[in-house]
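All chains should be modelled from the sequences, with the hints used to inform the complete structure.
As a plain string of letters, each chain reads:
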Amino acid sequence: MSEAALRFDGVSHRYGKTLALDDVSLIVPAGCMAGLIGPEGVGKSTLLGLGAGITRIQQGSIQALSEDIGQPAARHAICARIAYMPQGLGRNLYPTLSVAENLHFFGRLFGQGGAERDARIAELLEATGLSAFHDRPAGKLSGGMKQKLGICAALIHDPDLLILDEPTTGIDPLSRRQFWALIERMRARRPGMSVVVATAYMEEAERFDWLAALHGGKVIATGNPAEIKQQAAASSLERAFIALMPGRAGKDASPPEIPPRAETDGPPAIEAEGLTRRFNGFTAVDTVSFRIGKGEIFGFLGSNGCGKSTTMKMLTGLLPASEGSALLFGQPLHAGDMETRRRVGYMSQSFSLYGELTLRQNLLLHAQLFGLPADSIDARVNEMLTRFDLAAMADSRPEDLPLGIRQRLQLAVAIIHRPEILILDEPTSGVDPVARDDFWRELIALSRRDGVTIFLSTHFMNEAERCDRISLMHAGRVLAVGKPADLAAARGKADLEDAFIEILQEAGMGNAEQDAAPRAAIAVAPPAKPRRVDLRRLWAYALRESLEILRDPLRLAFALLGPALLLLTFGYGISFDVEKLPFAAYDQDQSAQSRQLLESFQGSRYFIEKPPIASAHELDHRLQNGELTLAIEIPPDFGKQLMRGETPAIAIWLDGAMPFRAETTRGYVSGLAASYLADQTRRHKGEAQPLYPIGIETRFRYNQSFKSANAIVPSVIVLLLVLIPAIMTALGIVKEKETGSIANFQSTPVSKLEFLLGKQLPYVVIGFLSFFCLIILARIIFAVPLTGSFLALALGSLAYVLSTTAFGLFVSSFVRSQVAAIFATAILAIIPAVNFSGLLVPVASLSGTGQLIGLGFPAAWYQPVSLGVFAKGLGLADVWRNIIILALFGIGFILASVAALRKQGA
Amino acid sequence: MLRFLARIFRLGIKELRSLRADPILLGLIVYTFTFAVYAVATGAKFEVENAAVAVVDEDRSPLSRRLQDAIQQPFFKPPVLIDARQIDTAVDAGQYVFVIEIPPKFEQDVLAGQYPSVQINIDATAMSQAGNGAAYLQNIIYQEVAAALPGSTQALPIDLVVRARFNPNLKSDWFTAVMQVINNITILAVILTGAALIREREHGTIEHLLVMPVTPIEIMLAKIWANGLVILAAASFSLIVVVEILLGVPVSGSIPLFITASALYMFSVAALGILVATISTSMAQFGLLSIPLLMVMNLLSGSTTPMESMPDWLQTAMQVSPALHFVGLAQAILYRGADIAIIWPRMIALGATGVVFFALAALRFRKALLTAQ
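Chains as they are written, first to last, in my numbering: chain A, 1 to 906; chain B, 1 to 373.
Careful, some of the hints might be misleading.
[Claimed, not checked] Distance windows between CB atoms, simulated:
1) 72(A) x 83(B): 57 to 67 Å
2) 682(A) x 314(B): 40 to 50 Å
3) 595(A) x 83(B): 50 to 60 Å
4) 35(B) x 136(A): 47 to 57 Å
5) 449(A) x 260(B): 48 to 58 Å
Don't read these hints as lab results, they were simulated from the structure.
Treat the numbers as computed from the prediction; the structure is a model and nothing was measured.
Idealized CB from N, CA, C, for every residue including glycine.
This is the structure we're talking about:
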């Protein structure tokens, strides 16, 4: 222990107003197992995050392996020697990727070559007993196996310092035992490695070489476990910790007492008979039967994924049972049964209340929804706040509070309507011992005093021992049911945990992942100092992103087929050809002359005649309801006046509601009138005589037939190549922030640019592929001629797709939620792309702000390329400037993302 | 029944509180209904305005100069005199939409009754301006020639008075402004409600709601009224302040009737948002499904290009789009001043789309939200 693994000097850290760490100075020794213990929210995770370099230092200085990680250069160099595993089961893993693919990804992040990765992965999988699961998606592993895979990922680069944040929280006792055995073997394999662990399990901490107990952002004790116990004069570490906590004086430090349950007669509160649930051929719960009496505390134990949560969901009516029946109060449960729901309280495994509402608002909402009498609601909410010691933070939001407090709130919510049955799915997972004891006192009071039936699942053996009866589940089946003491006695064990592990092992758990004997690490050169720029790291992200897209066929299909479908729809749908305009005549003359005039309209392909109009009122009405676009009003005596040469007036009414259509109609009307007049003169004078002394020839260039499709299809391509690529990349970063895998970016040597470009690359490929699809459709279905240089179009499109995917990443780098990302991309991209990029109005004719917005977005620069190459026969020489500007947009958005993205969290 | 309504009300209040907690979303809503509407209405005009014109004058006579002078703002930018050899490159680069070529000896030929021709080259790829702009230019040229050489033209035997109802000057910003508000309502309603549901699923809160005495119908209705109310309020503000006051668009119809129609529309598109959310399993899928849907609804509902121009099969298919009916309603109410007696069939069609979306979403709700995980 010559060197310190981590050294903190005067470190303070705040989240908003909350002080998480208060002037902590601490030296964590190297080369041993060091533990951080303490309740939720005392700053353990913050301390580890700071030590791993993923959290920005606010105050104080920190050295990891004797390097000052406040210096970016030192941090970059040292992070290849540190491995960090964040809190939560498999949070930094990618669930759709297989075990091996996950590990290859981590190997690439550290710049390892293919052969080296293969060797290391084979060795690590063998050491962890995961070899048989090489190709299984990480998301389908049990909790214990996920954590083992997490360890493999952390050890892939042979770190000198391994930082584990609550690695065993929420996994079953057997997996926990296996996990620590694995860590021991890994330490034997690399004797010099320092391990720093935060844990809430005191019995685990007993085995550590060195401990630091934290409370309220301060270190309250350090030393080896024996020293700490001695300091508090307590027999176990758990009791020692409770005794050492400041402010506990006078409070009850003894474990909760459980008064014996008075056996009651009557029907059981919960009764399951042959309950079975299958998901796509996989049986999650297999003919489970049990009865829980009124007022009983019934515990459910078992490994992760063994079917505990599924069983509970079936009891609450959240999931229908595939077979069997569940009775609550002797009644079968129906999805529509509101009365039974009023009598049940449920607490799900993960926090599932509204993080954005205050504690009081959450309680209020539930009281109201359960239909408590309005005049009693306030009193009941206040009662709950006091009873669960939440009054002080009634107006804070749960998202700002530690897990322990959130769990208390969940329990308060679950019982606010005085249910007769409580179904609690791992209510104390991740909660520290003190809070757990408090929590249990509440449960005991509910059971013994109010006669509430409690059905809960847990991984804590000391909690299991407090239950009236427990049931052990494995792989969807119940292995044993009974009183805790009886179960232990039946196995001849003093300890319930040992009894359970024996039962589990008999059932075959853990055999599949046989633990191999320790073996020395393969000899490889010590990791070189990470390079500043390493294409392998970029490639790691690109490959991983591609695999994830390939595993989501719906998304892939939409990415490739979506644009094609839209092109088909828009190619036909968006058209400026104004035709088939409905018109009707209000002919008050009904003479030969008036009919002649109307004939010229009837013969035109632009107009479709509707039944004639009979009155002025009808004319108004039919224009108003949109039936007519054009009404022709011919006055009485039109024919006579015309014959007399009196220049009679004809009124033509247009529906001006859609100005473009009306304007075009007006053009048609003048054209028809002109030909009518020419006819008239010919009729009178017997020869054609032009109206004007000149002629005007109009020549529609590029699109002789003036066909909308030829101009619209290239413009629609502009629209599609911005929206679809941008929406795909927009979730890229923010999704990693929400799931927690962003920690991999923060704790490894990958640079911001490598991360961004790696994420962008697959989408550029997809965008470019869909460009080819669109071109083929345009040529074949719409027969739009491609008159210019294909090379210019392809280069321009590549530059465009680069810029639009970069735009999506830019949005993703600053928003906080996926909702906001979708929303921002939709709003920020659709408006300029549709209105200001030349699709509807030429950019040259946009005015003021519109033109500025247009030119500030890549679409307006790509439109001349697409349209120019398609319709105008342009080549590279004509459009190279636009291509360069598009590429600059791409670079600009990437640089802006680099600036907005933080390598370290707050 | 009373309890049913009370629960919907409570859940809706919760939605409003959640929305208030997300400043980026609120900021985007404000942006969409103010700046975005204003910028599009004033920026992207469909009428021929400030169109770029070049003239190749090979005559250089008083008449040819007179023609050039007649091409004036606001329809056209002052014409630029270019050389005949420059025509191709200038039009290729999109510098000019129109190039007018006046041939040599033009004036001389006119006076001699030789009937010379002026040529107008039009960049036909500028679809929205080419046709109408060419018609304007023809008119201007004919009229100038007629004015310059009185007696050379004939008196017209009839007096053709063409008047546009509801928007006499055919100003496109009147149209674009309101249509932009409608398009934004569509985007917001689908994304806000749909994403709110996906967020509940991803955070596990939907599970919590479903174990309470609350039905999926209540959850859906609560999301619809709360998000709808916010959007409706923003849209009404936008219509009154941005469109009527700031852009000076006269709204001839009844605003209460329009708001009623909007409420009906909100129900329909919000239900559609929920339906899309029950189909997609993640936010990424929701994004990829809803964006194309929104584009189709916005571009093919008559708010951008005329419905009559679409092929018949597409017009028929688009009848399922609530946007089509709402655009029709909005045009009838706001521009043509139509009342309920005229528009009720469309109201029914709009309501029917909403009921169908809502029913489909309700059927999928429980299954999609719970078993997909």
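Results of checking the hints against the structure:
1. 72(A) x 83(B): 57 to 67 Å: Holds, at about 60 Å.
2. 682(A) x 314(B): 40 to 50 Å: holds, 41 Å
3. 595(A) x 83(B): 50 to 60 Å: Roughly 52 Å apart at Cβ, these two residues keep to the hinted range, so it holds.
4. 35(B) x 136(A): 47 to 57 Å: Taking Cβ atoms as reference, residue 35(B) and residue 136(A) lie about 51 Å apart, which means the hint holds.
5. 449(A) x 260(B): 48 to 58 Å: holds, 55 Å
The structure shown violates none of the earlier numbered hints.
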